[in-house]
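Q: Chain by chain, the residues:
Number of protein chains: 2
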Amino acid sequence: MLLRRLATVRPAAPLLSIVRPTTTPLRRMLSQVPPQGAGLPGLSASKLIKTQTKEPKTMLPNNELLFGKTFSDHMLTIEWDNKNGWHAPELKPYGKLELDPSCTVFHYAVECFEGLKAYKDKDGKIRLFRPDMNMKRLARSCERLTLPAFDQSELLELIKEFCRTDERWIPNERGYSLYIRPTVIATQESLGVGASSRALLFVIASPVGPYYKTGFAAVSLYGTDHYTRAWPGGTGDAKIGANYAPGIRPQIEVAQDGYQQNLWLFGEEQWITEVGTMNFFLFWKNAQGERELITPPLDGTILPGVTRDSILSLARQWNEFKVTESKLSMFEVAKAIEEGRVIEMFGAGTAAIVSPIKRIHSKGKDLNIPLDPSDKAQQAGPLTRRLADTIMGIQYGEIPHKWSVVV
Amino acid sequence: MLLRRLATVRPAAPLLSIVRPTTTPLRRMLSQVPPQGAGLPGLSASKLIKTQTKEPKTMLPNNELLFGKTFSDHMLTIEWDNKNGWHAPELKPYGKLELDPSCTVFHYAVECFEGLKAYKDKDGKIRLFRPDMNMKRLARSCERLTLPAFDQSELLELIKEFCRTDERWIPNERGYSLYIRPTVIATQESLGVGASSRALLFVIASPVGPYYKTGFAAVSLYGTDHYTRAWPGGTGDAKIGANYAPGIRPQIEVAQDGYQQNLWLFGEEQWITEVGTMNFFLFWKNAQGERELITPPLDGTILPGVTRDSILSLARQWNEFKVTESKLSMFEVAKAIEEGRVIEMFGAGTAAIVSPIKRIHSKGKDLNIPLDPSDKAQQAGPLTRRLADTIMGIQYGEIPHKWSVVV
Chain A
1 MLLRRLATVR
11 PAAPLLSIVR
21 PTTTPLRRML
31 SQVPPQGAGL
41 PGLSASKLIK
51 TQTKEPKTML
61 PNNELLFGKT
71 FSDHMLTIEW
81 DNKNGWHAPE
91 LKPYGKLELD
101 PSCTVFHYAV
111 ECFEGLKAYK
121 DKDGKIRLFR
131 PDMNMKRLAR
141 SCERLTLPAF
151 DQSELLELIK
161 EFCRTDERWI
171 PNERGYSLYI
181 RPTVIATQES
191 LGVGASSRAL
201 LFVIASPVGP
211 YYKTGFAAVS
221 LYGTDHYTRA
231 WPGGTGDAKI
241 GANYAPGIRP
251 QIEVAQDGYQ
261 QNLWLFGEEQ
271 WITEVGTMNF
281 FLFWKNAQGE
291 RELITPPLDG
301 TILPGVTRDS
311 ILSLARQWNE
321 FKVTESKLSM
331 FEVAKAIEEG
341 RVIEMFGAGT
351 AAIVSPIKRI
361 HSKGKDLNIP
371 LDPSDKAQQA
381 GPLTRRLADT
391 IMGIQYGEIP
401 HKWSVVV
Chain B
1 MLLRRLATVR
11 PAAPLLSIVR
21 PTTTPLRRML
31 SQVPPQGAGL
41 PGLSASKLIK
51 TQTKEPKTML
61 PNNELLFGKT
71 FSDHMLTIEW
81 DNKNGWHAPE
91 LKPYGKLELD
101 PSCTVFHYAV
111 ECFEGLKAYK
121 DKDGKIRLFR
131 PDMNMKRLAR
141 SCERLTLPAF
151 DQSELLELIK
161 EFCRTDERWI
171 PNERGYSLYI
181 RPTVIATQES
191 LGVGASSRAL
201 LFVIASPVGP
211 YYKTGFAAVS
221 LYGTDHYTRA
231 WPGGTGDAKI
241 GANYAPGIRP
251 QIEVAQDGYQ
261 QNLWLFGEEQ
271 WITEVGTMNF
281 FLFWKNAQGE
291 RELITPPLDG
301 TILPGVTRDS
311 ILSLARQWNE
321 FKVTESKLSM
331 FEVAKAIEEG
341 RVIEMFGAGT
351 AAIVSPIKRI
361 HSKGKDLNIP
371 LDPSDKAQQA
381 GPLTRRLADT
391 IMGIQYGEIP
401 HKWSVVV
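So the sequence lines, in the order shown, correspond to chains A and B. If you read the first sequence in the working numbering, its first letter stands for residue 1, the second for the next number, and so on. If you read the second sequence in the working numbering, its first letter stands for residue 1, the second for the next number, and so on.
I should point out that these hints are in silico values taken from the structure, not numbers from a laboratory. There are no misleading hints in this set.
Note that identical chains are pooled: a pair holds if it fits in a single copy or bridges any two copies.
Once the Cα atoms are required to be at most 27 angstroms apart in a straight line, the calculated BS3-like pairs of lysine-lysine come out as:
#1 Lys96 to Lys54
#2 Lys160 to Lys50
#3 Lys69 to Lys83
Construct the complete structure from the given sequences, taking the supplied hints into account.
A: And the structure:
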């Protein structure tokens with residue numbers, strides 16, 4: 001489903017009208033470049049070498065957990081090179097990487113990653129949420145960076161084994177989870193710019209608490225068009241390191257003015273693209289007077305979020321209002337806010353599931369977005385809460401759904 | 001000089017008409033965010049701790065040197081953290097970095113670098129070429145990524161000491177040099193996306209041969225508009241890793257069709273921006289019939305190359321033809337090629353100094369660029385050769401010039 005949609009938006013054919021692609025007979029499409037490692041030994045879970053830690057770490061109490069600060073006992077590492085393909089995977093004590101300073105990853109940002117979570121349900125079973133989506137996206141990110149191809153089901157099998165090994169690190173409380181970070185880095189020991197002859201796939205895991213400890217906390221955004229997150233023919237649709245470094249300074253700048261995140265606007269039309277590092281959703285009464293949930297389309301500049309896709313699927317299944325993937329200009333949205341047609345607005349991503357938006361700064365003005373008028377403490381509208389509750393219910397196995405995969 | 005020019009093209013005010021910046025009273029400019037590390041102990045060359053290698057490496061003969069594949073005996077490392085500022089610099093045996101897998105550099109591409117060369121002149125003196133330009137650009141790249149500020153003259157002093165220490169690695173032959181790679185990476189051990197609380201500045205060095213062993217070898221380019229190298233409001237003017245990873249796949253794709261590099265074209269107007277990882281230069285008879293050397297302006301999407309700046313300075317000083325920084329559309333250039341008005345075309349960068357261009361593929365057609373008709377073996381026009389000869393003459397101290405700094 002995601003892959004089919006992705007196939008229509010690959011960088012070779014940007015949809016935004018601002019850049020018209022040349023089509024020439026000589027032009028090769030993305031898929032015609034053979035993936036790195038074709039014909040070499042593939043990634044195989046059956047070759048796993050397991051070394052249990054002799055010094056299990058002390059765990060923090062749940063209420064002291066901070067996102068991505070503490071890590072579990074083990075890590076998964078799998079080396080690759082262009083002569084031997086994928087080496088035997090290793091599950092071993094968490095520890096430092098030893099890398100030559102000339103490694104490509106330090107100079108040319110050849111690196112991509114994923115984020116997914118392992119949950120403990122009320123019966124003590126370990127669950128993952130749509131992990132196949134993360135495997136597919138990681139494979140696609142590797143393809144974009146000419147990092148090696150890998151067997152997605154084998155990597156998922158290894159991640160499940162990692163979860164079982166570090167099961168004690170999956171907190172036993174609703175809202176808590178073990179955040180899993182698969183990462184692929186280029187480890188060629190050379191300063192040449194090109195496809196890396198070596199790579200390292202590693203997976204680390206960090207126990208995390210709920211994004212909102214007490215109710216929701218809605219965020220204020222600064223509508224930013226002087227920095228641009230992504231563009232046609234760029235890499236905005238791949239989960240690669242290069243999309244993140246450039247966004248740090250803009251975030252710090254708006255934070256100085258009291259806004260938590262950038263609302264990334266694109267071009268003269270001020271197209272809304274993303275919120276910080278999340279996908280953007282608007283629930284409104286559109287110009288035709290219909291109730292509509294709308295999010296920007298996967299046109300090559302938008303990260304194909306797993307939470308984004310889940311929200312669209314659920315809302316379409318509910319069939320209670322119109323659900324649309326369409327470009328949305330900040331001018332239209334500002335007009336709708338002023339006319340009282342905006343019902344709710346939120347960001348969507350793995351960390352928070354949904355992040356309600358209460359204010360946008362645009363063209364010198366602060367525009368206020370409605371929250372739930374019946375419950376000031378919640379700072380989130382009914383649809384935002386319902387989506388969060390439903391997705392969390394599925395994640396913790398309370399709502400039976402094929403998206404929740406028991407390990 | 002470079003800094004003054006840079007000041008007019010900072011990301012806060014892109015010049016390209018395609019994105020109009022919002023100006024609001026709340027908008028803070030880049031310079032108003034305090035640099036990381038303000039008020040903490042600065043980078044100090046006098047604190048250098050030197051550990052000489054006990055196992056000097058065997059050196060390759062000059063003719064076996066490959067760019068960035070072998071490294072000298074030592075490396076320079078300087079740690080920074082947001083409590084203690086810059087630690088004591090260490091010059092020590094070249095060796096692996098030990099880094100936690102959660103380090104920011106592996107996930108969010110917070111990394112920037114420089115490239116400069118040390119030359120041995122005929123009197124055996126070590127020379128650097130405009131190293132102050134590299135120090136300034138590195139500082140600016142750090143600023144863009146919220147990496148710590150550093151004292152540029154102290155870092156240059158340390159690099160000079162590194163050159164003296166590894167002097168035997170600077171080849172004693174014209175055309176050969178020691179390529180120096182200063183790099184700054186974010187080493188915070190956390191998955192949060194934000195300003196890094198820790199960083200590592202390291203410098204490694206690789207002996208390199210001349211880019212062209214026998215004469216020049218002109219390159220063929222593919223005019224690429226389906227991938228875009230940089231965008232207004234992006235980071236195309238900073239030397240950061242994030243600008244390089246996305247360009248690898250496009251390079252491999254055009255190489256499959258027999259083109260060495262992408263000629264990066266921007267937008268519907270097909271503005272010429274860069275060539276692979278080099279700046280672009282055209283020497284032509286312009287529409288007014290004037291002989292003119294032209295290169296795209298530093299509008300925020302172009303890397304402010306040291307070689308670019310040197311070529312402009314020299315050509316302006318020669319005062320023999322018009323020298324212009326101006327946007328240039330592929331349509332104009334194609335027309336000029338067809339009308340026989342193009343005299344020479346080349347890329348410019350530290351690795352090759354100049355890289356003559358013999359062919360561009362655009363809109364389904366291969367367009368041929370003149371080389372020197374009087375000398376087929378050279379594959380470079382007289383201006384291209386003269387610029388290369390002059391810059392190389394300065395680099396090796398044969399032409400006295402303030403750009404050449406004796407260590």
